[in-house]
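Q: Chain by chain, the residues run as shown.
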Amino acid sequence: MTQDPLSSIIATEAQMLEGGWELIVGLEVHVELATKTKLFSGSPNHFGDEPNTNIDPVTLGLPGALPVLNKQAVELAMRIGVALNCSIQPCIFHRKNYFYPDMPKAYQISQYDIPLNIDGFLVLPSGTRIGVERAHLEEDTGKSTHVGGATGRIHGSDYSLIDFNRAGVPLVEIVSRPDIRTSEHAKEYVAELRAILEVIGASDAKMEEGSMRVDANVSVHKPGTLFGTRCEIKNVNSIRALGRAIDYEARRQIDVLDSGGTIRQETRHWDDAEGRTHTLRVKEDADDYRYFPEPDLVPLAPSAEWVQAVRDNLPMLPAARRTALSALTGYDTQSEAVIVVVERGQHDYVQAVVDAGGDAVRALIYVQQGFADAGPVPAVPAADLAKLTVLERDAKLSATQAKTVLAELVEHGGGDAAAIAATKGFEAMDTSAVEAMVDEAIAADPGAWAKYMAGDEKASGAIVGRVMKASQGKADGKIVTAIMQSRRG
Amino acid sequence: MATIPTTASGIAAAIASKQISAREVIDSYLAQITARESDIHAFNLVTADAARAHADAIDADIAAGRPIGPLAGVPIAIKDNLCTHGVETTCSSKILEGWKPPYDATVVSRLRDAGAIMVGKTNLDEFAMGSSTENSAFGPTRNPLDTSRVPGGSSGGSAAAVAAGFAPVSLGSDTGGSIRQPAAMCGVVGVKPTYGLVSRYGLCAYASSLDQVGPFATTVADAALITEAIAGHDAMDSTSIPQPAPALVASVSQGVTGMRIGRVTDLPAGAEPEVIARLNEAFAALEAAGATIVDVTLPSLSYALTAYYLIAPAEASSNLARYDGVRYGLRVNAVDTNSMYGATRAAGFGDEVKRRIMLGTYALSAGYYDAYYGKALKVRRLISEDFERAYAQVDVILTPTSPVVAFPFGDKVDDPMAMYLCDIYTIPTNLAGHPAMSVPFGTGAHGMPVGIQVLAPALGEAPMFRVGGALENAAGGVK
Amino acid sequence: MSPSGTPISAADVAKVARLARLDIDEANVVHFTEQLAKVIGHFSDIDALDLSGVGPMTQPFPLVNVLREDIEQPCLDTDEVLAAAPSSDQRRFRVPPIIGLDD
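Residue numbers (my numbering), protein chains in the order written: chain A, 10 to 498; chain B, 75 to 553; chain C, 14 to 116.
Since the hints were derived computationally from the structure, they do not count as laboratory data. In this text, all values refer to a predicted model and were calculated from it rather than measured experimentally. Beta carbons are placed, not taken as given, at the ideal position from N, Cα and C, and that holds for glycine. Certain hints may be false.
Now the stretches of chain C that chain A is said to cover, found in silico as 3 or more residues with beta-carbon under 8 Å [to be verified]:
id	region
1	39–46
2	53–65
3	100–107
From the derived model, a few chain A residues whose C-beta atoms are all more than 10 Å from chain C [said to hold, decoys possible]:
id	residue
4	ASP65
5	TYR121
6	ASP167
7	GLY270
8	PRO302
9	PRO308
10	ARG353
11	ILE429
Looking at chain A on its own, in the form it has when it is part of the complex (with noise of 0.2 Å):
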């Protein structure tokens, strides 16, 4: 669908937040690439070993160590900046200066004013697009560990621990545009992202494990005045951590400006145990990081060749699939169906189905419904869901009845749904034994008959229940209730 470009910029009221404030956030996602080796040195990219097993001089920023670039690195942070409908540049790469004791060379590699990925969108599943200004590499720090303080952070702690086994982890850094305007359009960036992410086999992209980590820009204002002072909220830990904090940060900022006071600009950290956002630490001399191009490094340009293959090879994004799986089945992209089935990654699956001549519809909905812990790639033989859709479609099984029958593919890896239906007894009723046991039903039951013919819906139930149980389940519901609807007139 395409999107008007300004729509995402201009709040909706359903976006607004109350007293007329709106809402502008933007998210820096920090993502550790799937390699197999660091950004610019050949010890293993490895989350869990022994501390300070997976070094190298580079790594520790030994005297005389020297980067050397990652090519599998720059293939998936060009996969990215491609599924984020980027443009790949040739780039350089800038040292960022600065002290820190996980920072073992006291400087970054990172990019600067000329990143490899620039101007791209995402397209969130509710329909927003968010602009994306950047996505460029950078190599990950050190991990510390505080000792001796009650919380475990660093205030009030003894001393610290240092390993390096981080050092150096390829990171892809992407900065949103400031069009995010309320906390679930942030959470649904961070999950559309994240699939992206897994799909084209950059990341695992897991935000509890930290191969994910989201620091969220918030600010408020009234519309038609500048965006106010923002604030960067670090410590998000997960999705949900990111709605909360957000709604905290926004609600602080708004209490803050109606009491007539000002924001400063600062990092505050979220508390998600308290629920509540608080300063990290108030700095005097703000660092300068006197950024100058990276002299150990050569610059990058990716051939056209290398572009366009990572384009070609690019596999279908779940924004794609929802589309596809849309067009095939005519359920909305933003049906829960379509959603949950294209995140479980099973779209390939139900169109197999298809493809094997099942009804689409109803492919869809005994996915949905019946394949939760099946991943993508379903035991029970494409073939045989299509045929048991046909089935249900042809009105030969009830759609009770066809719910058993799945149920017993699910359980058996697969099997013939005809036969497993004939065992059961299962046959749907033809049209008129259903309409003269509606008609019994109906005499029975006066009372609840007359309920429903005054309007009562939920009377319905009765006499629908009468006839199931007449029929031992094989009348279809669907059926029965038209009956009774055009009994009613």
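With chain A fixed as given, assemble chains B and C onto it according to the hints.
A: Just chains B and C, lined up with the frame of chain A:
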């Protein structure tokens, strides 16, 4: 016992042909070190035991008929800013005193694989910042030709080691002249190869876009031999030129017939008159040997010093930030990490290093980048373009290496600018990334040696060694 | 934009010393300021040059696209590395409390 040859090529040949053992050679050089090192202080560390063990191993290989490398048994001194696995590497700084690297620099491995025997780690100006080796945290090195004078810097120890007969060859590093200038001051040959020709992996970085590793030797042929041994692509260095080591020894005796030698008519002033006299004699000698002298101009050359003293300190300020007391080297304890940084670096770095770090930090800082570092990078391009134009007319260019002969200790320590001016003729080459070498050519004031610098375009080592060889012949040949 | 001829002040020196994490006492700040001012004063010579239209030169030798394959290489020995550390604990590098720095 056979006489110990004085050149690396002579030693290699004598050992390979079993005229002499590697152990005899190393013992002879170690004896020379023992005799004079206390006067010279060329070394931070003499690795005598390891050297003897290595020599014995080579002799065993020869006895058993096992293959040996092309430099088997050749003693070599290594500048103490090159990482040597398990052997102290200090950069002549308190901040790395006692540090033993867990890995070897590529050039160190290549030399060892070729069979060369390290006799020790040589003294330098701290972190290669200086032109006299007076900035070493462990005391200066003395010029073997006159111990009241400096050997030059920053590779003063490596130059002095060769001049004093402690090793036939040594390795230094050159960022603004740190091989060539001490070579000139000590009367030996010194070579800075094309940027990227020799790997920088394992060289403790001073200025990343300027640093190069190169040899000192008593002869041009030996310098070519060592350059061959260490040059060539290294996958561990992204700035390494993707080509194998060039063959260079053959160029040394090729002569200069038909070559065009550039004379810079707008050379910045400041050279001692004797130095200029030697330069003119050098031109005359080359002309007599069949070359043509062509006048060239390099109008941006006088700005090279400024560009260098903005670019080098800027890169250095970043390269030296890793010396923070966290992972290796000196740590001065403090109540918190930030205080620890400040105390450690204040105690660990000498004044010149601090000056350059501050200068570099200033040049890169917000609001000053464009005026300083940014501008310097543009001046660098102007200089490079000047050279390009000149090399369209000539094969090499000749200048003095150093404007002055070796000066007495203390002469320039209090005036940084005066010290920086020592590099006025060597700096442009580093900015352009070109090769250059210094060849001893007579003496100047106080009988101290004068070096003539041969400059060549990128990857122009062959014409450079041709002219170097011819100059050496004219100067009286092998010492 | 300040011209390169502006001498550096003691406040500038104190500021860059802080940025570079060099503890320098007041007397030395003054001393260094004098020396650095002289050096920087020399730099005003490049103000005479017309640098419009001149591109910056960050690399002497024009290489591009130097990449390596994503293949594991041998790592350093942890014991050897920790032995060189000023302080270590539980196989990690130990540092005093991390205060006064960016998080």
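Q: Say whether it holds or is violated: PRO308/A keeps its Cβ farther than 10 Å from all Cβ of chain C.
A: At roughly 5 Å from the nearest Cβ of chain C, PRO308/A sits no farther out than 10 Å, so the non-interface label is violated.
Q: When you look at the beta carbon of ASP167/A, is every beta carbon of chain C farther off than 10 Å?
A: Since the minimum Cβ distance to chain C is about 7 Å, ASP167/A lies within 10 Å and the statement is violated.
Q: Test the statement that ILE429/A is away from the interface with chain C: the closest C-beta pair must be farther apart than 10 Å.
A: For ILE429/A, whose nearest Cβ neighbour in chain C is about 49 Å away, the distance exceeds 10 Å, so it holds.
Q: Does the claim that GLY270/A lies off the interface hold, with its Cβ farther than 10 Å from every Cβ of chain C?
A: 24 Å, holds
Q: Verify the coverage statement for the region 39–46 of chain C against chain A, using a C-beta to C-beta distance below 8 Å and requiring 3 or more qualifying residues.
A: Violated: only 0 residues of the region 39–46 of chain C have a Cβ under 8 Å from chain A.
Q: PRO302/A: least C-beta distance to chain C exceeds 10 Å?
A: At about 5 Å from chain C, PRO302/A fails to clear the 10 Å cut-off, so the statement is violated.
Q: Does the region 100–107 of chain C contain three or more residues whose Cβ lies closer than 8 Å to a Cβ of chain A?
A: This one holds; 6 residues, not fewer than the three required, reach chain A with a Cβ under 8 Å.
Q: In terms of Cβ atoms, is chain C entirely out of 10 Å range of ASP65/A?
A: It is violated; ASP65/A is separated from chain C by about 6 Å at its closest Cβ, not greater than 10 Å.
Q: For the region 53–65 of chain C, do at least 3 residues have a Cβ located nearer than 8 Å to some Cβ of chain A?
A: violated (count 0)
Q: Is the claim that TYR121/A lies outside the interface with chain C correct, judged by CB distances over 10 Å?
A: TYR121/A is indeed farther than 10 Å from all Cβ atoms of chain C, at 13 Å.
Q: Taking the shortest Cβ-to-Cβ distance between ARG353/A and chain C, state whether it exceeds 10 Å.
A: Non-interface label on ARG353/A holds, nearest chain C Cβ at 30 Å vs cutoff 10 Å.
Consistency with the previously given hints fails for numbers 1, 2, 4, 6, 8 and 9, ordered from lowest to highest.
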